[in-house]
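2 protein chains.
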Amino acid sequence: METVMTLGNVNGFLIDIDGVLTTGDTAIAGARGAIELLKTQGFPFRCVSNSTRKCRATLAARLDNLGFDIPKNALFTPPLAAVKYMKESGKHRACLLTTGDVDRDFESISIETDSTAVDYVIIGDAGDRVTYASMNQAFRCVMEGADIIALEKDRYWMASEGLSLSAGPFVEALEYATGKTAIVVGKPSKEFFSLALGDMGLSAKETVMIGDDIFTDIGGAQASGIRGILVKTGKFREDVFEKSTIRPAAVLNTVGDIQDLIK
Amino acid sequence: METVMTLGNVNGFLIDIDGVLTTGDTAIAGARGAIELLKTQGFPFRCVSNSTRKCRATLAARLDNLGFDIPKNALFTPPLAAVKYMKESGKHRACLLTTGDVDRDFESISIETDSTAVDYVIIGDAGDRVTYASMNQAFRCVMEGADIIALEKDRYWMASEGLSLSAGPFVEALEYATGKTAIVVGKPSKEFFSLALGDMGLSAKETVMIGDDIFTDIGGAQASGIRGILVKTGKFREDVFEKSTIRPAAVLNTVGDIQDLIK
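Chains as they are written, first to last, in the numbering used here: chain W, 164 to 426; chain G, 164 to 426.
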């Protein structure tokens, strides 16, 4: 099934990275051209990802290596969404439960170790940084008044050593212990889409989300009033799409076909 | 407020340990006498506790040291409830996520490390045994078909170094990740009371629970059709009791006053 439409009133794009621009360690055919087209035509866009183990600079270097020419400020990930959320709230003190080099995205934030001096506990996919001690530290901050910011609330992912827990289960643990509900700043939360739109200075109705996941990308965007274009790369599966009640504004074989819609 | 009643049709007792028989490192006044009275009168009883960091033998030694003469088989804790549950289910292979010497209560169970060969993931208050690796191990067992047995689902407790997470948050994490609901074999679950009654061979309506917690002890017992007697020791607080809609069958100053009800 192929749906083609002429997009009207589109002034900007949100583009998922994994499965739309890249798959594993390669660029998806046509993806580099699509990015060049958007730049040539002057469309603002943000490349979005729920990755919470890599900072923006590392993600940018990876895309560079795959031949993409994407300005660093066109990358928008949950850690950047969290920083934007904190700055807008006027509160700047955080306790981080993350791994990898994600802490580099928080250089403009005060990282605190005293549990009584924390405004936000920020929890991402923290891998081996999840210990009883680190969970207790996060828990005590919340009991002392901090709010919880979840960089994502995914359940699990496939690591090389087998299925592995994402941030979601540990966010859920903190919510259960404290009775507080986390602010989720990753896809598919409304908060994430709102912060990404704010970063471009665009409204929901003039923006289109391009993704390979019918639920989090397309369904999530639509729940925020953003139109969705589904691509048949990455995790796309015809049977899942056919069974879903979510209908994207368009379905493309690859993101490269975006040229047919915006010329 | 004092309520005294003559108990009719009582053939056995469930007695909370912490706050009813002991407080910190001392025996509560009259508690040793109450236990002697039950033994003299030939009432079956089980001393119950949600402690999941100590095996039965260690709990028994502690009560011995405080001058109680309680047969070991009159102690009934969540690990013993879990073993009883497993044996009744006919499935014997477990993955343990516990700490302390609780594993000694599972000597009659096959402890497996291969995630494809596990019937039950058993999770208690595991303290520093909670790591990303141990949580992933438990998670993978459940994804391979194991069910989750929670020794308790409490939120937190006061450790010497500050508020510390109990088993509950990590049970919740596994439930969120896997979509499975844990079988809770600790107070105040119906499963716990049912297993404790089965251990004595008594029905709910001929049994009385004695506890200091109006919610988990009295409310929990009543939800299982067991009458509850509240004692004014341990965590009892008059204002909490007055505000609660839960009405025990009797309220006693200490468990020692049980002699007024059963003579």
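FYI, nobody ran anything at the bench for these hints, they're computed from the structure.
One should not assume that every hint holds.
Since the list gives no way to pick one copy over another, a pair counts as held whenever it fits inside one copy or between any two copies.
Distance condition first, Cα-Cα at most 25 Å in a straight line; then the derived SDA-like pairs of lysine to any residue [to be verified]: (1) LYS406 to GLY342; (2) LYS217 to TYR295; (3) LYS406 to GLU275; (4) LYS217 to GLY308.
Inset, instruction - Please flag the earlier hints that this structure goes against, numbers listed from lowest up. - result: The structure breaks hints 3 and 4; every other hint is satisfied.
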